[in-house]
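Once you have looked at the hints, place chain B on chain A.
Those protein sequence lines, which keep their order, are chains A and B.
Under this note's numbering, the first sequence has 314 at position 314, and the numbering climbs by one with no breaks.
Under this note's numbering, the second sequence has 1693 at position 693, and the numbering climbs by one with no breaks.
It is possible that some hints are incorrect.
If you anchor each label on the Cβ, the simulated ranges turn out as follows [what the hints assert, rightly or not]:
id, chain 1, residue 1, chain 2, residue 2, range
1, A, R585, B, R1585, 37 to 47 Å
2, A, R316, B, P1543, 50 to 60 Å
3, B, S1562, A, R322, 43 to 53 Å
4, B, D1304, A, Q785, 22 to 32 Å
5, B, P1533, A, N270, 42 to 52 Å
6, A, N270, B, L1265, 32 to 42 Å
7, A, R322, B, S1889, 48 to 58 Å
8, B, M1801, A, L301, 28 to 38 Å
9, B, D1456, A, R322, 28 to 38 Å
Keep in mind the hints are simulated off the structure, nothing from the lab.
Glycine included, C-beta positions come from ideal geometry on N, C-alpha and C.
Protein chains: 2
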Amino acid sequence: MLRRLLLLHVPRRHFSSSFSSALPLSSPTFAVFGANTGVGKTLVSAGLAASLLRSHGASPSGVLYLKPLQTGFPADSDAEFLFRMVPSLLRASHAAHLAASLDILSASPSVEILPPLPEEAAFSYDGEGEVVRKQLSCRTLYAWREAVSPHLAAEREGMVVEDAHVRSRLAACLVEGENLGKGDGEGEVWKLVETAGGVASPGPSGTLQCDLYRAFRLPTILVGDGRLGGISSTLSAYETLLLRGYDVSAVILEDRGLSNDKFLLSYLRNRVPVLVLPPIPEDPSDDLTDWFCESSSVFGLLKDALQSFHSTRIQRLISMQRKSKDLLWWPFTQHNLVHVDSVTVIDSRCGESFSAYKVKDNKMTMTPQFDACASWWTQGPDSNLQIELARDMGYAAARYGHVMFPENAHEPALRCAELLLGGVGKDWASRVHYSDNGSTAIEIALKMAFRKFSLDHGILVDSGKSITNERNIQLKVLALEGSYHGDTLGAMEAQAPSAYTSFLQHPWYSGRGLFLNPPTVFIRNETCTLSLPPWIQHGHLSPGDKCFPSLAEVFCKTRDSSSAADLYSTYISQQLSKYSLSSNREHIAALIIEPVIQGAGGMHMIDPLFQRVLVQECRNRKIPVIFDEVFTGFWRLGVESTSELLGCLPDIACYAKLMTGGIVPLAATITTEAVFEAFKSDSKTQTLHHEDLGPFYSCEVPAAHLLPWHLQPHPKKKPCAWDASELSKTSMFFLSLILLLLDSNLELNWIITRSSRRSMLTALLHGHSYTAHAMGCSAAVKAIQWFRDPSKNSNLDFDQMKLNEMWDGTLVNQLSSLPNVKRVVSLGTLCAIELKAEGSDAGYASLCARSLIQLLHEEDDIYARPLGNVIYLMCGPCTAKDICTEQLSKVYRRISSFNPVH
Amino acid sequence: MLRRLLLLHVPRRHFSSSFSSALPLSSPTFAVFGANTGVGKTLVSAGLAASLLRSHGASPSGVLYLKPLQTGFPADSDAEFLFRMVPSLLRASHAAHLAASLDILSASPSVEILPPLPEEAAFSYDGEGEVVRKQLSCRTLYAWREAVSPHLAAEREGMVVEDAHVRSRLAACLVEGENLGKGDGEGEVWKLVETAGGVASPGPSGTLQCDLYRAFRLPTILVGDGRLGGISSTLSAYETLLLRGYDVSAVILEDRGLSNDKFLLSYLRNRVPVLVLPPIPEDPSDDLTDWFCESSSVFGLLKDALQSFHSTRIQRLISMQRKSKDLLWWPFTQHNLVHVDSVTVIDSRCGESFSAYKVKDNKMTMTPQFDACASWWTQGPDSNLQIELARDMGYAAARYGHVMFPENAHEPALRCAELLLGGVGKDWASRVHYSDNGSTAIEIALKMAFRKFSLDHGILVDSGKSITNERNIQLKVLALEGSYHGDTLGAMEAQAPSAYTSFLQHPWYSGRGLFLNPPTVFIRNETCTLSLPPWIQHGHLSPGDKCFPSLAEVFCKTRDSSSAADLYSTYISQQLSKYSLSSNREHIAALIIEPVIQGAGGMHMIDPLFQRVLVQECRNRKIPVIFDEVFTGFWRLGVESTSELLGCLPDIACYAKLMTGGIVPLAATITTEAVFEAFKSDSKTQTLHHEDLGPFYSCEVPAAHLLPWHLQPHPKKKPCAWDASELSKTSMFFLSLILLLLDSNLELNWIITRSSRRSMLTALLHGHSYTAHAMGCSAAVKAIQWFRDPSKNSNLDFDQMKLNEMWDGTLVNQLSSLPNVKRVVSLGTLCAIELKAEGSDAGYASLCARSLIQLLHEEDDIYARPLGNVIYLMCGPCTAKDICTEQLSKVYRRISSFNPVH
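If we strip away everything but chain A, and leave its shape as in the complex, we get (with noise of 0.2 Å):
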């Protein structure tokens, strides 16, 4: 057997200051980590590079060991132990019997405090028949001397690393280490990166290791703990990279007698293999080569293990596309123009990025994709915030589950509801219905301000006796064109008629409203610009009426005086001059409005003067006034509320979207005590005839939420002083068992029940299953109180309220100018860019888009979707403005140099 010994000089790498590589994918990567610190990961490390090298064949072709933080170095060096270890247990046991070459290509533990090893070791073995060449590359990327964790030796000798730094250069050696001894063959290279003490372990910054490294999100190998306590340790440890998103792929433990490692079997069975390691001798004399050869079986389970957890991983990625393709039903996708390579899959997401899988030159990575269309306009989190969702989503969902919520109360929903009203409803709301998404919160919206229209139009009073003929009164919506309120019927009712409305879409749909079309302003040549609707006269407006220096004199209340305040307040009163004869049938009996920017509708800025005018003229005439904030509340335009924007408030206004930080659907409709009112019992509305409770009687009742029953004597027969609602249930219950006694008059019993029904016909009807379920109250209640928190949110400006600029104002103008742009508008969260049509040609510009947001996703690697030609960004409150100049510039970049042949 013939044995050389090489020496090579590998010159030492640059590394990017920023992580966003993509992965590679086609070689396994795990990462290490520890139950506690002290239960061997290392030599776990050890004995499955070992495995890996020693395997036949030429794959693997190398394996690279990454200890990306080491304390009490030098001393103490783990990468070196791999370095002198696992060379010498081929030797010891598998050059006799494979004929294998190894080379240690490098073994430099790379320090910076320390200067790097100048010499980088490669060894070779040549074994008897065919050579195949391996490689161990061994490497330290930080290291200190005290042996403490990384954030204490960090700190106590003065060089403390930024997350970021940590991560880059992870990534960039994770990146390089796939040509490890790729002249060699085409064999995988394992990459280990065991990371330090136990998996919550600060690193140097004061993070914990799980979240430092999450958004690589290696699979995991968990090296549990085999003493008295560890199983307990072990499950912890579990859970607290289960509560990070991390795939556990196999539990490795010593035996130390106590059978931990078959509780942990039995316990984990179905979810993760579990093996068990032969006892770690505990004489330091020790050199383990003995305890090595006994573990190699394990360490090859070990490695069958990842392989086959890998594999199953990699199979299932390359599948999803198709799967996807075939079962699922996008919505609003034509599927026929879905091509099943354009799919993405998207394996996780951490923070404001996705990682996507993505096949390029053949090569399968792992992404990360900044999700500028903020995962359609619901996004929030920061990595921060999501780890702190995460963690109350399982308290949450551990604590409560789902409860009943009509009658009854839990700390989530109701905490959401004092929040809410001290916050987005302040100062003029003062209850809180939920429901499940911004639709049926428009829904519920409606209902209410028809009920409160109607009441105070005398509209149910008025009628006459039969349902017939209030069905021949038509409440309809006051709103505006190019407004959206959601894809169930009545909300698409309170919508203009538009594609999205066709008789193909819901034959249903008939447009129950009377729909305006708004001045709407934006950014052009680097000016506020109004742009007016063909029923203003452009003569009319002076120029100081129509451009304004900056968007804070658009929302300037000054304007409420000027010559444009008066262009409006006459068009609304004509529009609703229609509907105020007292004859007609037809009644504007709501307005709803998208305040300031209407989202779907191409993200345009309407005129708030317009919108306030509009809302002092509905108020003027009784009118409930309705904010859809599902996609504008909530800080998405830089403020808790638009109301602020506005500057006037609703009678009722809907969130949803953002409310629950961006994690979980929930839905809130929040109102003043007025329109609560008028679902009252005592209210105007039991001036109903019996008449009008027919129907209520000649069908099965649909009783799903039946109330407490209502004593309420007969109002003519026996006058009562008491008030029935103020008595507990139990004594109404004898007080109408001795009325009934006492009257034998079967006619008072059915005016008590049905008493009880009519109550509860004034009652709102509306409601879903999980109504005011604890993880979305638990969500919003974190997320509202993160967002205005400015130990969180380092965007806030806590004196004024609002965000500070996001998306950088010189880009914005610069962009604004740009000759394809047509129009920007950049307020709070969102820059939206609308390009240039040609002529008339809306349709070659949103061409345009489609294929610069092709481009921005292959080559800049941001996930945008387009509204028709309009392109935008959107990120979450907490969002550090640097990602987004980072973005905004590369779509600068994109539009700046885009020049499609004409």
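Structure of chain B alone, referenced to chain A:
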């Protein structure tokens, strides 16, 4: 100073075997959990107990220390340690400066494997001045000799204790402990429950201790780990407790020179107070008196923190009724009828039961209540599944938060789709469309059905060129009276008129359907009986067609050839014939039914034969069939899909509620490929005339979600062989540029983009922000698999894939024979009982139902809600039959003894 020693004899207590006790809330009770074993839990308990007993004044009057599980006994006995240490600490530190007396009433570690200590000792110290008697009771519930984890000790020593025993014994101790020292004063009795090992160490049965004690959800003191790695193990243990829904009231840990406490203090700021204890002497001969002395101020702080935690908690519980009544707007609730005292404050859920805050006889308790309304029909979890779901919810939130769905794939959505299509959709469905709740799933189903019907019946082609003409076509649904499909307008329109659809509730409702009155089935006097609607003459059916020995006969397919089937078929044909005229502008375009049971309509079982005939008649006429399985799906009726019961398949089916196991909202509308094809752009809709697209161009499109553009050359000008949809987007883009250059034909270009828009028009334009949200899909994946896994669901008959009887048949029959019971319906997880009305006075029966419900709530700890005069119990698919029988027996006793005065 005078000291006396008394010896008292206290009789042994008996413990109830089942845990259904209301736990007292007035005195603070805490669980002591450890981050690991050996972190000093018992020292913390002792120090805290001493600190409490040292307090001035009468309160606390005593401390009850419970050690439910002790191993290594009797050498190790934590109760004995407290029993000896605490008095000595008080002697040493206390009597000198505080005039108080201390009784140690009971220190019997009562051990089942050992004879209980025969004597119980009480000490009394009389100090100077006023004498305050305080008591300390230290108790061990179960003990084993070997110093290993309880599950191992129990296994090895042959004494496994069931979880229920541990819980009931602990509950009894906590209840009786309330009276500790009550002879002497009115002070509080603090109770400390010290667990064994770490948070997730197994109990004797193998259940993790954090799970074993979960039903109590005691506020928790977490004893952290001061050693190297202790930050990680403390935080992981903390997260394990959160994942069980525990509230951690304080973290306390030993200082081991690593400043773990500083890091934890910073990390847990604003969440949990963190306290640090001086280093614990390692010398075993140290009696720790000095250490306790040195630590006494820390224990004082701990006591204050716990006291403050307790007061805050209680104050909040007390205030929640009033605040909820003031701020919340409950659905389906006439707020005037809800008295503030009748608001149920739900503190948590554990499997099938709530923990509700209750005040009875002026005593505050936390009382378990069986959730008989299954929180409005959503609930599936037993306590095991709830923990699993909680973990999955945390994981899904951490891994995905929420990610964009259209044109994307992520694992939970895809996996859930696979499970739906392989389960409830097996053999017929091939597509899954996600939405948020039953109501939206129905709106989507209706849109699907109308499109399919329109295409199949040539309505879109025949109706002429203009949208206006199309609007004259009236598409209606065929539905059953008493059916209920949701509260959004579209879902409401598919229901028969009722009080829920009155003008008062929604002025836009018109009832767009043909509503048939169906025959129903129920059990009365132990016989399955058919109840016929007025349109059937009773005489036309033989007795054998009207009464059945069992429910199985009702479902039997042989009835298809009975005279009932003929009658049904004739009637339905006759009803449908009105709509079959070709000149008619009204069409029945969809059948929508709740299969087998109409839920909200009063838990009516519809004759399955009638529904089967209905489906067949619609099939014959190419009317799409929708099954609304929102209530009935996922084992609610004992089978995964009610199609199995009904013996026929739909074209579209809707699922929600139980689909996620009852934890978070999610809905799915699943369909056949034929329905899906109706929305593809290469379907017949491509024959649409251009004019039909008019409105699309005349308004600003709410094109939130425009598609990848699609190249489709002008069909007349440039016939083209390649199939555009098979080309990649990039090549299509360049191809289009080439075509444009070659042709310079703007019309061609226009066709290209319009083609994309036309395709978009035919797509299904309905989606919600959180469509296919990862948490909902993850929960569904877990729940769907869990329910059909016989290793998890012991109710499952795997061969027949149906649930075994859950509601005891004998009891059900007995109920059906009670004189005041009109009918019973028992199927799967549902048992519904309609009370008999006197004459036609349904209202009176509903009055009875109300008071019965109230008695069940207040006396039997069953939380139910009435459906008019129907009382129902609903469990989860995994609920043990024992639990069901217990609840049903209570209901039987109540109804049979219920005899209201007439």
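Hint by hint, here is what the structure shows:
| no. | hint | verdict |
| --- | --- | --- |
| 1 | A:R585 with B:R1585: 37 to 47 Å | violated (24 Å) |
| 2 | A:R316 with B:P1543: 50 to 60 Å | holds (59 Å) |
| 3 | B:S1562 with A:R322: 43 to 53 Å | holds (48 Å) |
| 4 | B:D1304 with A:Q785: 22 to 32 Å | holds (26 Å) |
| 5 | B:P1533 with A:N270: 42 to 52 Å | holds (50 Å) |
| 6 | A:N270 with B:L1265: 32 to 42 Å | holds (40 Å) |
| 7 | A:R322 with B:S1889: 48 to 58 Å | holds (54 Å) |
| 8 | B:M1801 with A:L301: 28 to 38 Å | holds (36 Å) |
| 9 | B:D1456 with A:R322: 28 to 38 Å | holds (29 Å) |
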